[in-house]
Amino acid sequence: MTRNLQSSAQASSAALRSFEAQWRMRTADALSPVREQAMMRFLKLGLPTQQDETWRYTNLRSLAGHSFSDAPRKTRGEIEPHASVSLLDAKERAATLLMVNGYPLLSATDTTVNGIEVNTIREFSRLEPALMRRFLEPLSDADQQRWTLLNTALFVDGLYLKVTTQAATPLVILHVSTGDGLDNVAYPRVIIEAAPDSKATIIEHHVAQGEHTPLSNSNTLIALGRDSQLEHYRVYATDAGATHLDSLDIRQQQGSRCKQFTIVLGGGVVRTSLEAHLGQPGATLDSYSLLVGHQDRHVDCVNTVTHGARDTHSHQTARAIASDASRVIFNSKVIVNAGAVHAESRQSARGLLLSPSAEIDTRPQLEIHADEVKCAHGATVGRLDPDMLFYMLSRGLDRDTAQSLLVYAFLADVLTDMSVPSARASIESALISQLPDSQVLRNFR
Amino acid sequence: MLLKISDLHARVAGKDILRGVNLEVRAGEVHAIMGPNGSGKSTLAQVLAGREDYEITGGTVTFEGRDLLALPAEQRARAGLFLGFQYPVEIPGVNNVYLLKAALNAKRKAAGEPEVDAYEFLTLIRQKMKFMQMSESFLTRGVNEGFSGGEKKRNEVLQMLVLEPKLAILDETDSGLDIDALKVVSAGVNSLRDPARAVVLVTHYQRLLDYIVPDQVHVLSQGRILKSGDKSLALELEARGYDGVLGQVA
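Protein chains in written order, with numbering that gives the first Met the number 0: chain A, 0 to 444; chain B, 0 to 249.
Just to be clear, a hint being listed does not mean it is correct.
Calculated pairs, EDC-like style, for lysine to aspartate or glutamate (alpha carbon to alpha carbon, straight line, at most 20 Å) [claimed, not checked]:
1. B/K230 x B/D242
2. B/K100 x A/D399
3. B/K108 x A/D397
4. B/K151 x A/D386
5. B/K108 x A/D386
6. B/K100 x A/D397
7. B/K14 x B/E51
Because the hints were derived from the structure by calculation, they are not lab data.
Only chain A is shown next, with the shape it has when bound in the complex (with noise of 0.2 Å):
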C-alpha cells in the first residue's frame, strides 16, 4: 500500500524524512486510520523545539541529523541473562514479560497471569479494533504529547494488559533496548487496562543492552475503571549513551486509585512525562518521581495533571539529587478544570545539589478554573544541610557515609511509600552506586 502524505514537503530534517520512511515500509492494520493521522499531524508539526513550553530545557536539535531505522527484533536466545535481571525477587512477582525494541515476546504461559489478561496489542487490535482505537485516541497537538503521535503512528506491535481481578504479586515488564548500530529507534507501546474493583501492581523496568542503545519512543496508557487500584512503577535503567523519551497517559475513573513511581537511576537524556485526567468523582493519583543525575545525565520530567471532576485527588512528590555535571529538571502542573470542586491537590518539589556544576530547575504550576478547591505546592532546591551533617559527624560517623545517609534521608519521602519491598530494595542498591564521589562533595561543601 503506498501512501501519500500531504505533508511530506516539510520533513525537513534528516529525522522527520527518516520517521516518515518508516511510516512508509508498515503495513496496513485495523489502527491505519488513526495511525495515519497522528503521522500527519506529527510530520505537520515536527520535533518540538526549545521554544516549545515543555520542552524548554530539552534539546532535541542533534536528534535531528539522524537518520533512524527500525531497531532489530530479537528472539528470547539473543537476550543475554544478565539484561533479565529483574528488579524483584523470584517469589514477589508474578512473571516477567519480555519486550525486545518494543516487540512483546511472550512464551506461550504468559496468556494469564494471576489474574492479569495478557495479550499482544497486534492480536487485541484484530479483536476489538474499535475499543483499541479508544485507547489510542484523542490525538493531541500538545507539545508534550509530540512524541506520543510519533509513537501511536510507528509502533508496531506492543502489550495490552487487563488487569481482572485482585491480582496479588505484581507483574514486571521488561523493556530491553538494544541496537545493532547507531540510529536505531524503538516505539515500546504499552496498554494497561483495569476493570471496575480490580487491584494489581505493575512495573516497567527498563534496561539497555549492547553497545548501541536504540533511540526509545516508548508510551504507555493506564486506564482505571470504576474503583481499580493501580500501583505502577516505570524505572530507567539504561546506559548513558541511550536517549530515552517517554509518555505516560493515566485516565482515571470514579473512585479510582493510581499510585505511580517515576525512577530515573540510569540513560543519558531521559525525557518522561505524565499525564493524568481525573475525569470522574473520587479518582486519586498519588505520584512520585525519584530522580537521579549522575554524570552528564540529563533528566527532564514533565508532569500534567488535569482535575476532571468534582472530589478528585492528587499528590505529587519528586525528589531530584544532582551530582557531577548532571541537569535534572521536574516540572509539574496542575489544571483544575470548571465544575471540579472541592478537587485537592498537592506538589512537592525538592531536589539536593551535590556538586557545583550540577543543575535543578523546577517549577510547580497552577491553573485553576473551580471555586471550593484546595491546592498546595512547593519547590525547594538546596545543598546538604550542615546542621544536620555536623550532627553525624560529632557522633563519629565518617564524612562519606554521613553524606550517603542524608542523601538517602532526602529521597524517603519517595522510597517509603513504595509497597514492594524487593522492588524498594532493588532501587535503593541501585542508587547507592551512583551516589556522588566523596571527593567531590568535599570540595563541594
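Since the structure of chain A is already known, use the hints to place chain B on it.
Same frame as chain A, but now just chain B:
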C-alpha cells in the same frame, strides 16, 4: 589531665566570641559552665566538638595530651568526646537506632574492635532506653523526627550512655525539661560518672545542679571565664544574679 583549654580565642562571622578561655578538667570531675546569654557557652561547646563554622584565632586545647583542634569532628567523637546538643537536629529518613549503631561501630572500629553484634546492640539499647524511660517507638523513628523538646534531650543522653564517652559536654541539656524529665536526664548523666570520665555541663540554671552535683562551677562572660568556685558559686549566682556576682570581680 583529660581536657586542657589554654587561652582559647574563636570568632564567627568576623565577631570574636571566645576571648581567652582557660579551663582544666580532670577525669572523674563534673564541671558546670554558667553564664548569661551570649557569653559564648554554646560556642565553646561547639568549638570543642569540632564545628568548622568557627575560626580558632588563638590558644590550644589538648584532650588526653593530644591536640584536639587538629582533629576533625568525627575523630574527636571516636577519641571519646561527646557533645549533647542544645538543639538536636531532626534528620527525617535516617533511623534513630541506625545512627546510633553506626556511631558505636565507628568508635569501635577506631579502637580496633569488631562491629557490635546486632542482637547484643538491640539488647543494650533496649536496656538504656528503659533507663531513660523512652518508648519503643524511638527504635523505629527518624533521628529526633517529631520528638518533643524533652524527648530530644533524652535521646541525647541515651546516645551518650551507649557511646560511653570519656568527656561529655552537655549544652543546656536541662533546658525545656519538666521536673520529671530533668530527674531522668540527671540520673542518666550521674550513671556515667566514674573515675575515668568527666562531664562538662553548660547551663543557665542552678536547678540542674541540684541533681548533678558539680565539682567546679565556672562563670563564662564575654568570652572568658571570669570566676570559678565550688557548687556554692551556683547558689550565689541564683541568689544574686550574674551582674551581682560578676560586679564583685570587676
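Hint check:
Our distance criterion of 20 Å between C-alpha atoms is met by B/K230 and B/D242, whose separation comes to about 18 Å. Restraint check for B/K100 and A/D399: satisfied, since their Cα atoms lie roughly 16 Å apart, inside the 20 Å limit. With a CA separation close to 11 Å, the supplied pair B/K108 and A/D397 stays within the 20 Å bound. With a CA separation close to 15 Å, the supplied pair B/K151 and A/D386 stays within the 20 Å bound.
Distance restraint check for B/K108 and A/D386: the Cα-Cα separation of roughly 25 Å exceeds the 20 Å cut-off, and the hinted pair is therefore not satisfied. In summary, the hint linking B/K100 to A/D397 is supported, as the alpha carbons are separated by about 13 Å, within the 20 Å threshold. About 15 Å separates the Cα atoms of B/K14 and B/E51, which keeps this hinted pair within 20 Å; it holds.
Violation of the numbered hints given earlier is confined to hint 5; every other hint is satisfied by the structure.
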